[in-house]
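Here is how the chains run, residue by residue.
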Amino acid sequence: MTVEPAVLAELPLFRPLPLEARAALAALASMEKRPSGFVIFEEGDPPGDVFFVLDGRITLTMGAGAGASSARSLAPAEIVGWSSLLGRPRVARAVVSRAATLVRIPASDVLELCERDPRVGYAVMAQAFEQVADRLVDTRMQLLDLYGKSG
Amino acid sequence: MTHPTKRIARAELDRLFALLSEDARVVHGPTVRDGAIVDAPLASVSELPIGWTDQQAPGRYRLTRRDDAAVFGFVVGPSSPKPLFFPPEETLYRAERRADGKVGFVPVVPSPAPKALLGVRACDVAAMRIQDRVFRDREHREPRYAARRDDTIVVGVHCLAPGPLCFCASMGAGPRVGEGADLALAERLDAGGHIFLVEALTARGQALLSRLEGSEASDEELRWRDEALASAERSMGRTLDTAELPGRLYAALDHPRWEEIASRCLACGSCTSVCPSCFCSGSDDPSDLEGAHTSHTRHWESCFTSAHGELHGHTTRPRTSERYRQWATHKFGAWVSQMGQSGCVGCGRCIAWCPSGIDLVAEVRAIADGVSPVTMPVAREVTAPREESLVPRAATVLARTVESSDVVTLSLRMEPDGRRDFAPGQFHQLSLPGVGEAPISISGDDGAGVEHTIRAVGKLTEALCALRVGAQLGVRGPYGRGWPMDELAGGPVVVVAGGIGLAPLREALRRMLADPERYPDVRLFYGARTPEDLLYGRELLGWIDRPGFDLHVTVDRAGPTWRGHVGVVTRLLRPATVPASARAILCGPEVMMRFTVDALAKLGLPHTRQWVTMERHMKCATGTCGRCQYGPHFVCKDGPVFRFDEVSMLFGRHGL
Ligand code: SF4
Ligand code: FES
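Those protein sequences? They're chains A and B, same order as listed. Numbers -11 to 139, taken from the working numbering, label the letters of the first sequence in order. Numbers 60 to 715, taken from the working numbering, label the letters of the second sequence in order.
Excised from the complex, chain A in its bound form (with noise of 0.2 Å):
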C-alpha cells in the first residue's frame, strides 16, 4: 500500500518536514497490515526500517523464554525502532498485541533526508529524542513502584 503525504503529516517526527520533503519520504514510505502476534522485529535483529503505528497496538518486550517481560505498548503515532536512526541493533522485540495499521520507513532514507538538510535533520532528531526521553521518563515510572504497596 502507498502512503499519502498526509498521513506522515500526522506523525509527529516528521511534521517539522517541508512539504517536498514528506512527498519524498511518502514515496519511499509503505503502509502494512498486521495481526496481533505478528513479530516486526525481534530483540538483537540488526538495524532496518523505522516504523509508526496508525492503529492498533505494538507491544515491546525485553528478554527471552519464561524471563520475558513486556516493558512498554506504544500508543498511535509513536516511532517503532528508534535505534535504527543511530545504526544500533534492535534493543527490544516489537510484537502486534491488537491488529496494527503500520508504516514503514527505511531508516537510510530517513537519514538520508536529514544529512541533505540539516535543519531538517535537526527537527527530525530533536522528535525522535523527545519520544526516546519520554520513554526514558516513563521507564523510571515504572521503576519507581507507581501503584505502591501502600494504598
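Simulated from the structure, these hints should not be mistaken for lab results. Every residue gets a Cβ at the ideal spot worked out from N, C-alpha and C, and that includes glycine. Honestly, I wouldn't trust all of these hints.
If we take Cβ atoms under 7 Å as the criterion, some of the chain B residues that face chain A in the derived model are [what the hints assert, rightly or not]:
hint	residue
1	G558
2	P619
3	H624
4	V650
Use these hints to put chain B with the ligands onto chain A, whose structure you have.
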C-alpha cells in the same frame, strides 16, 4: 459591656472558696509544689501561692518571695487546666474477642465529681475554650471530655502584671479574662488595703457573686481595673503580629531557619506537653496475654515524636526541622483553618520550659515577618454528629473475595441493623481487639453488606484479610468527605486509578454507570503493577460494553501473553482520550497522582477540576487527635478527597 462587679475584702476569698466547694465540688487551683506553682486540688485558700512570684526567661523558671501577701502575684506555672479534662492517658473502651469470633465493645466514660477552678489566667481560660472546641463544641462531642468538663465552675484572674514571656494580648487571649469564666477577679493591693474586684461573667457567676459579702465596685475601682488591664496589655513581655500569620508561615515552609532551629531543638516535646491547648493524641490496644480482653487507650502524643507522623511503618516527618515546623505551623497556622482560631494563647510556657530556651515567638517572627502570605483554606465543619463515635460497633463478615495474592475484599454486615449508609470515597475504621485499628476505604455496597478491599501490608491488615465468613470485627464510621458526585454530573468524567486505588473509586464508578443520564461520559484509566494486580477484573469486563463508558487499562510489566497496554497510566492520558472539559477524580499513591495531575493539567484540566485522595494514618477519624494533619487540613474530616487546588501547595512536599 459592663458586668456586675463587687468589691470584696481579701478575707471574703474564704467564703468564695466555701461556695465553690458546695455540693462536693472539688476546687482546683495554683499551689506551690517542688519549686513551681502547679495546679492541684485545694483544701483552703491558704494553699494558694500567697506571697510567691515566678521569674521566667527562655529555658528558665524560678520561684521567689514577694514582699507582700498577694494571692495571685505570679504568672503561670507549668501546669494548665488541660489534664483535668483531657488526661495524659485514658481508656476509651474495653473490647473482647471471643473464641467463636464474635466481638464486643464497651465504652468507658468517667463520672467524676464536679470541679471548680480557682485562679485561672486569661490565657488558660482561652485555652480551655480551644480545647472545648476540639473535643466538645464541634460536630463531634467527646463524651469523656464532656463528662469532666461540663459542670465546671471557672473563676479567672485578670493579669495586671504580665511576665516577660507573656504575649496573650497579641493572641487576643488576655490579659482580661474573657468568655469561658464564670467569675473574674482583679486583685488590688495598695496603701488602701487588699481587696478583690469580682466580676460575674455568667448567670452562674452572678449567683455566686450575690452570695459574697461586699459592696458594688465604685467607678474609681472599675477605672483602676480597666487602666491596670490596659497598661498590662502594653507591657507584655513579647509581641507577635498575627495578621495573616497562617498564610505567611505556610509561604515560608522552605525557610532555612527551620533547619537552623533544628540544630538547637532536642525534639524533647516539652513545649507541646506544657502547652495548654495542644490536643494531639495517639492510641494503643494493650491486651491480656490471650488477647481476648483488651482496652483501647488514648495518650497525649507530641508532634516531636516519630509516631505522630507514622504512615505504613515510615514517618512522614523524619527530621527535627520538619517536626518543629509542624509544631509552629500547626499552632499558629493550620489551627485557624481547622478550628477557626489560632492554637496559641500566648502563655509563654513553651519558652520557659524549653530546655534549649528556644523562643517560639522569636522564631516565628524571624521566619514569617515580611513574608507575603499564601491563601489558607477556611475552617470547615463536617456534619454527622455522633455522641460516641470513638467506640467501634461489631460487624460480621458476609463474604470474602480474594482479589489478588495480597488483596482481599470483605463484605461486612454492620450490626445490629445492617445499615449501609455511606458516600463513595468515605472510609471506615476497622479494628480487631488487641491487634489494632486502621482506616480502610469503603469499596462498595454489594446489596447485602458494605465492601472493603484490603491489602495485607502489616499485622492488622493481614489479620483482617485472614478473617473468614461469619467472623466479626469492629467498625467505626463512615468518615470523611467523599467524591464530589454532584459536581461530576453532566459532563465527561475521567477516573484515574493506580493499583489498589481503584477500591475507593469503585462505588463512585458503579453509581455513575447506573445513572447514565446524569453521568453520560465516564472514562476509567487504570494502572497496576502487573496484570495479576488488577482488581475487580470480572466486574470491569462487565462494564466494557456500557454506552458512555470507556476503559483503559495498563500495567507496568507483563508477561508475553498480555495483550493490553504496558506502561505508566499517565501515557493513556492524551487529547484523544481526555476531553479538556472533563472533571477528574484520582486515587493512587501520591507519586502517581502527582504525575497524573500534571498530565491532566497539560490536557487542559485546571486544578479546580481535579480531585485526589490523600493518605494519612487516621487514629480518631473525628478531627480530635491530630494524627492525620496535612498542612492546614485534617485528612480524616476535610478529606480524604480534596479538590487539588486545596492541597496543591503541599502536594509532593517532604516532611508535612
Ligand atoms: S522546642 Fe524546646 S521544648 Fe520543644 S521539642 Fe524542641 S527542645 Fe523540646
Ligand atoms: S484528627 Fe484524628 S484522625 Fe484526623
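For each hint, the structure was consulted:
1. G558: Constraint on G558 (chain B) satisfied, holds at 3 Å.
2. P619: Since the shortest Cβ distance to chain A is 5 Å, the answer is holds.
3. H624: holds (5 Å)
4. V650: The hint holds - V650 (chain B) has a Cβ within 7 Å of chain A, the shortest such distance being about 6 Å.
Taken one by one, the earlier hints all hold for this structure without exception.
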